[in-house]
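Visitor: Given the coordinates of chain W, assemble chain U onto it according to the supplied hints.
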Amino acid sequence: MDNDTGSVNHKLGRVFNIQKFSVHDGPGIRDVVFMKGCPLRCLWCCNPESQNTFPEIGYIQNKCIGIQECGYCIKACPKKAITNSTVETPKIDIDRRLCDHCGKCVDVCPARAITLFGQMMSVEDVIKEVQGGNASWRTGGGITVSGGELLLQADFVHDLLKECKKRGIDTAIETSGYGDWRELERICRHCNLIFYDVKCMDSDKHKAFTGVNNEVILDNILKVASQFPETPVIVRTPVIPEFNDSWKDIKAIVEFITQLQNLTEYELMAYHAFGEPKYRQLGRKYRLERVKPPKKEYISDLQQRANAILKKKSYK
Amino acid sequence: MEAAAKVLTPQEERIIKGLDKEELTTEEAKNKRQRVNKLLARFRKVPRVDIQRALLFTESFQETESLPVVLRWAKAMENVLNKIEVVINDDELIVGTCGGTGRHSILYPELRGCWLEEGLQRLKEQGAYLVSDEDIKTVKEKIVPYWRGKTAHETYISLLPEETRYLIYGDDNYGASGLMQDNANINATLNWAVDYQKVLEKGFLGIKKDAEEKLNSLDVVDPQNHIQKTPFLKAVIIVCDAMIAFAKRYAELAREMARNEKDKIRKKELERIAEVCEWVPANPARTFHEAVQSQWFTQLGCRLEQPTTGVISNGRIDQYLYPYYKKDLEEGRINEDSALELLECLWLKIADFVPLNATNAKSFWEGYAHFEQTVIGGQTRDGQDATNELSYLILKSKKEFPLHYPDLSVRIHSQTPEPFLREVCELIREGTGFPKLLNDEEIIPHLLAQGATLEDARDYTGCACTEIRMINTSTYMVVGGNINLPAALEMALNDGVLKLKGNKQRLGVTTGDARNFATFDELMNAFRLQVEYLVRHFYIRQTALEMTNAMKLAAPLMSSLHDVCMNELTDIHQPLKGGVSADTGNINLNGFGTAVESLAAIKKLVYDDKKITMNELLEALEANFEGKEALRQMLLNAPKYGNNAPYADQIAREVDAMLLTTARKFKTPNGHQYIKFVPVTSHVGLGVVMGATPNGRKAGEPLSEGISPTQGVDMKGPLSTLLSIDRAKSRKYANSLARLLNIKLSPQVVAGEKGLQDLMSMVRTFCDLKLWHLQFNILNSDILRDAQKNPEKYRNLIVRVAGYSAYFVDLSPQLQNEIINRTEHQHM
Numbered sequence: 001m002d003n004d005t006g007s008v009n010h011k012l013g014r015v016f017n018i019q020k021f022s023v024h025d026g027p028g029i030r031d032v033v034f035m036k037g038c039p040l041r042c043l044w045c046c047n048p049e050s051q052n053t054f055p056e057i058g059y060i061q062n063k064c065i066g067i068q069e070c071g072y073c074i075k076a077c078p079k080k081a082i083t084n085s086t087v088e089t090p091k092i093d094i095d096r097r098l099c100d101h102c103g104k105c106v107d108v109c110p111a112r113a114i115t116l117f118g119q120m121m122s123v124e125d126v127i128k129e130v131q132g133g134n135a136s137w138r139t140g141g142g143i144t145v146s147g148g149e150l151l152l153q154a155d156f157v158h159d160l161l162k163e164c165k166k167r168g169i170d171t172a173i174e175t176s177g178y179g180d181w182r183e184l185e186r187i188c189r190h191c192n193l194i195f196y197d198v199k200c201m202d203s204d205k206h207k208a209f210t211g212v213n214n215e216v217i218l219d220n221i222l223k224v225a226s227q228f229p230e231t232p233v234i235v236r237t238p239v240i241p242e243f244n245d246s247w248k249d250i251k252a253i254v255e256f257i258t259q260l261q262n263l264t265e266y267e268l269m270a271y272h273a274f275g276e277p278k279y280r281q282l283g284r285k286y287r288l289e290r291v292k293p294p295k296k297e298y299i300s301d302l303q304q305r306a307n308a309i310l311k312k313k314s315y316k
Numbered sequence: 001m002e003a004a005a006k007v008l009t010p011q012e013e014r015i016i017k018g019l020d021k022e023e024l025t026t027e028e029a030k031n032k033r034q035r036v037n038k039l040l041a042r043f044r045k046v047p048r049v050d051i052q053r054a055l056l057f058t059e060s061f062q063e064t065e066s067l068p069v070v071l072r073w074a075k076a077m078e079n080v081l082n083k084i085e086v087v088i089n090d091d092e093l094i095v096g097t098c099g100g101t102g103r104h105s106i107l108y109p110e111l112r113g114c115w116l117e118e119g120l121q122r123l124k125e126q127g128a129y130l131v132s133d134e135d136i137k138t139v140k141e142k143i144v145p146y147w148r149g150k151t152a153h154e155t156y157i158s159l160l161p162e163e164t165r166y167l168i169y170g171d172d173n174y175g176a177s178g179l180m181q182d183n184a185n186i187n188a189t190l191n192w193a194v195d196y197q198k199v200l201e202k203g204f205l206g207i208k209k210d211a212e213e214k215l216n217s218l219d220v221v222d223p224q225n226h227i228q229k230t231p232f233l234k235a236v237i238i239v240c241d242a243m244i245a246f247a248k249r250y251a252e253l254a255r256e257m258a259r260n261e262k263d264k265i266r267k268k269e270l271e272r273i274a275e276v277c278e279w280v281p282a283n284p285a286r287t288f289h290e291a292v293q294s295q296w297f298t299q300l301g302c303r304l305e306q307p308t309t310g311v312i313s314n315g316r317i318d319q320y321l322y323p324y325y326k327k328d329l330e331e332g333r334i335n336e337d338s339a340l341e342l343l344e345c346l347w348l349k350i351a352d353f354v355p356l357n358a359t360n361a362k363s364f365w366e367g368y369a370h371f372e373q374t375v376i377g378g379q380t381r382d383g384q385d386a387t388n389e390l391s392y393l394i395l396k397s398k399k400e401f402p403l404h405y406p407d408l409s410v411r412i413h414s415q416t417p418e419p420f421l422r423e424v425c426e427l428i429r430e431g432t433g434f435p436k437l438l439n440d441e442e443i444i445p446h447l448l449a450q451g452a453t454l455e456d457a458r459d460y461t462g463c464a465c466t467e468i469r470m471i472n473t474s475t476y477m478v479v480g481g482n483i484n485l486p487a488a489l490e491m492a493l494n495d496g497v498l499k500l501k502g503n504k505q506r507l508g509v510t511t512g513d514a515r516n517f518a519t520f521d522e523l524m525n526a527f528r529l530q531v532e533y534l535v536r537h538f539y540i541r542q543t544a545l546e547m548t549n550a551m552k553l554a555a556p557l558m559s560s561l562h563d564v565c566m567n568e569l570t571d572i573h574q575p576l577k578g579g580v581s582a583d584t585g586n587i588n589l590n591g592f593g594t595a596v597e598s599l600a601a602i603k604k605l606v607y608d609d610k611k612i613t614m615n616e617l618l619e620a621l622e623a624n625f626e627g628k629e630a631l632r633q634m635l636l637n638a639p640k641y642g643n644n645a646p647y648a649d650q651i652a653r654e655v656d657a658m659l660l661t662t663a664r665k666f667k668t669p670n671g672h673q674y675i676k677f678v679p680v681t682s683h684v685g686l687g688v689v690m691g692a693t694p695n696g697r698k699a700g701e702p703l704s705e706g707i708s709p710t711q712g713v714d715m716k717g718p719l720s721t722l723l724s725i726d727r728a729k730s731r732k733y734a735n736s737l738a739r740l741l742n743i744k745l746s747p748q749v750v751a752g753e754k755g756l757q758d759l760m761s762m763v764r765t766f767c768d769l770k771l772w773h774l775q776f777n778i779l780n781s782d783i784l785r786d787a788q789k790n791p792e793k794y795r796n797l798i799v800r801v802a803g804y805s806a807y808f809v810d811l812s813p814q815l816q817n818e819i820i821n822r823t824e825h826q827h828m
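Sequence order for the protein chains is W and U. Letter 228 of the first sequence, counting from 1, is numbered 228 in this note's numbering, and no numbers are missing. Letter 623 of the second sequence, counting from 1, is numbered 623 in this note's numbering, and no numbers are missing.
Treat the hints with care, as some may be off.
[To be verified] Simulated pairs of lysine-lysine, DSS-like, Cα-Cα distance not exceeding 30 Å:
1. 251(W) x 754(U)
2. 399(U) x 38(U)
3. 611(U) x 80(W)
Think of the hints as simulated: they come from the structure by calculation, not from any bench.
Bound-form chain W, shown alone (with noise of 0.2 Å):
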């Protein structure tokens, strides 16, 4: 089957974007497909929609026309988990306890404003998707997989990114690393880039913060290196304040990375807030509210300081 090259790959993942255009992910303009799924739980995670591997309803108050126009979700949903809202008249309330996520309202929404994120596809579905931003692949563009964590789907990433490569697409993913090294391993065969979150070196930190510990993600970054030496690694590390912003955190991810020799690049991400509307249409609590996001000054600083250590260790 899996080197059956005439035959369509059915198998299905569960992907809750594509987003096309995507020019700041890899080389070139590019397509990232989103996985839904996460075993992390990264408190300033800016698409809250990714983290669960089941798919979620999601509101879009300032889209919704209202029960005066509309109502028409109301009647659809058969756990009655949907009601005229008693804070945001004329508007619906959704009790998240009694929904089950069975998309009724999604389909008869007609202004879109309730959407279902997650949707189940082919590796088929997904090429004709991305091929068909086909013009691009010849200009230096490619696919970018991303999550959610695609580990936890690492079978049809597999197969996805095979088939691409297979097909002259030029493939990236973005990782955060935690999962199982075979699965990982499988991956990267069919990877001409890879981007990997280091985010924290102290693990009872990176636990308090993401969900989980980081031995298995340093690790699996060692072994990716080695086992790899010829796929670049872009190295990302998000800075949010109170957890790792201050540059003895920075500085110790740094001369973790020195180690790695097919490092091209270290990029630090500065926190921002603009996830968080999609809390709200989730309807759930978002918990950074009060973290401001560090200053542009501040986050170039740790750039410079950090290139300045990587470079002298040459890591290109």
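Guide: Same frame as chain W, now just chain U:
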């Protein structure tokens, strides 16, 4: 997934920093080209209407009633060129004006003269043009009375069957009904460029000599010669002499001014101007300065002779000026800066001339639109890449020269050199909308299919908005008009009834009650019948206009520069045997995206999913969606063209095939008409008078633009848009051209080295996909909103409207909103 910080384009930065007076944009340029900066500081006044041309033209016509039209035109040109005021302004190096000092418009009473009676007063009141009361009086007393009953427009109207006339004009023969919008007699001819190279190489003495030789060898016993060729050649000789004499008046003035000039440097300059004007355009140009001056005199003559759509094109300027540039550079006469100075003096001359649209359909034309397309790049006649140092220099000038004239376009082809493309994309990134891109890989095969030789096809030039010409081969001159496609769809849904400006009328054919259409195909068929009905009337008007032009117009100067005319000894407005006549698009379709998305929404919701009934849809449209918001949302969220998704794109393709097929069903004396998609700004005007449409668009909102999807519905990034546009191209026949496509990007998308590379990739993709035309707007919509609120702060914010760039604050609020709403392809 990082949200990028807001990045401003260089243009936005200049404005925000308060640098809003006209000046060169870099310190280096300002220092090196102080003259241009001084000239710029005096620019940007509201144009003044200058009546000299109209007066002198009329004066001559009153005396030549007995002569053939071509001779009358030549004599009128002679009168104008001999008597019109000659002016040399401080600091000018390139001289010559069609109507005095400063920004001006001139009048062509022979076309729509009767409109001037009321129109000039209205223009004055609107404040868009300055006109003195005395001039209005002169026009009313000395110009209009002569032309009443004699204008081209009156002849044209009289040749139209009443049914056709009513469809186009309704109750105002100088306005537009909204179903169709007619460009007849606003300009005399289509977009046009002349063979400047001929003047540079031969001079008008050379052209005159050719004409004299031909005249001497004519056998006058042959009646054909006698009635047609002789007057034509005599007319050519008259205009050649008149052009030479006109330049000599400038030489004389320059000499006189030099005599009185105290400043030594200026004195020298004036003496040089005198020498140049004494020599060209009579003789072949010897230097770059002479070549530029000769070019300007030539196009100035064309402007005085006749208005062409978008004003006359500069043609392939980096090609025909290059030998003079190279020679002067080698012989030390010029350097890059002095060459730029001369070119920018030419740009200023071009910017000073504003075409005036003698029409009551004001909302169809906005922002002092003129497109003197200045074309660089592309291929040589033998198929090599044509880029040279002058191409780069002109790109540089566009970066540093702040005015949006002239209109710059770059011909892209598969071998466009990477460094050149890089410079082009750097310029695009500046955010002024320049340059627009024309695609050789689409246009050259198109011209071949029409019977052009490979050499001529490779040598095409851009003209006007997104149109093209082969300067010695193309001969078709008659302007077209617009058809409102969404209006045709409304008629298909209402048994031929259309609501325009709130009034319902049966303007179309009866195609039955849409509630009884059992299938989508029945609706498509009704739509086809309505379109066919409009196209039929379009052909009727086109024939009437072709007849009118042949009867009423002549253009001896433009004809003298055209090989076909000089071979057949016939004016360009007469039927010609040679050349390629069916070479340009005329049936200009508006609202393609609106119509396609409307059809897709109906197919999906009424026929496939049966979520709504036809009756519900029609009632909601009738009510302009009042109380029907849920239904409107369904329409808005139905599959949309432009997202590289087959459902709507397939309908786009079917509609395109239908349009091309329909256009082939009829003929004018010149043959089939071509389909094009160039709205200029008429999609806004046609939208204003239209009711709600089934794509969820409310009454009065603009229609979609060009071949682009409806504003704001293409959400999958510009590459998807490009692919949809490609899929919409049915390629049914080779009778479709000028497919205008506008893509708006946020500055952050193209920031940095990677952004530049990505932009270059997009252009290469556009080239690979063989799309006709592409232009970019790179702006923040926040900036535009702020500009709406504080127009004084953004006086010189340039945006690309549709095939041309305009000052944002000059546009109407509707058009401003339309630009803001165009999808911002912003990555978050």
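Visitor: For each hint, tell me whether it holds in the structure or not.
Guide: Each hint tested on the structure:
1. Restraint check for residue 251(W) and residue 754(U): the C-alpha separation of about 28 Å stays at or below 30 Å, so the hint holds.
2. Distance hint between residue 399(U) and residue 38(U) is fulfilled; the C-alpha atoms sit about 18 Å from each other, no more than 30 Å.
3. Between residue 611(U) and residue 80(W) the CA atoms are separated by roughly 23 Å; this keeps the pair inside 30 Å, and the hint holds.
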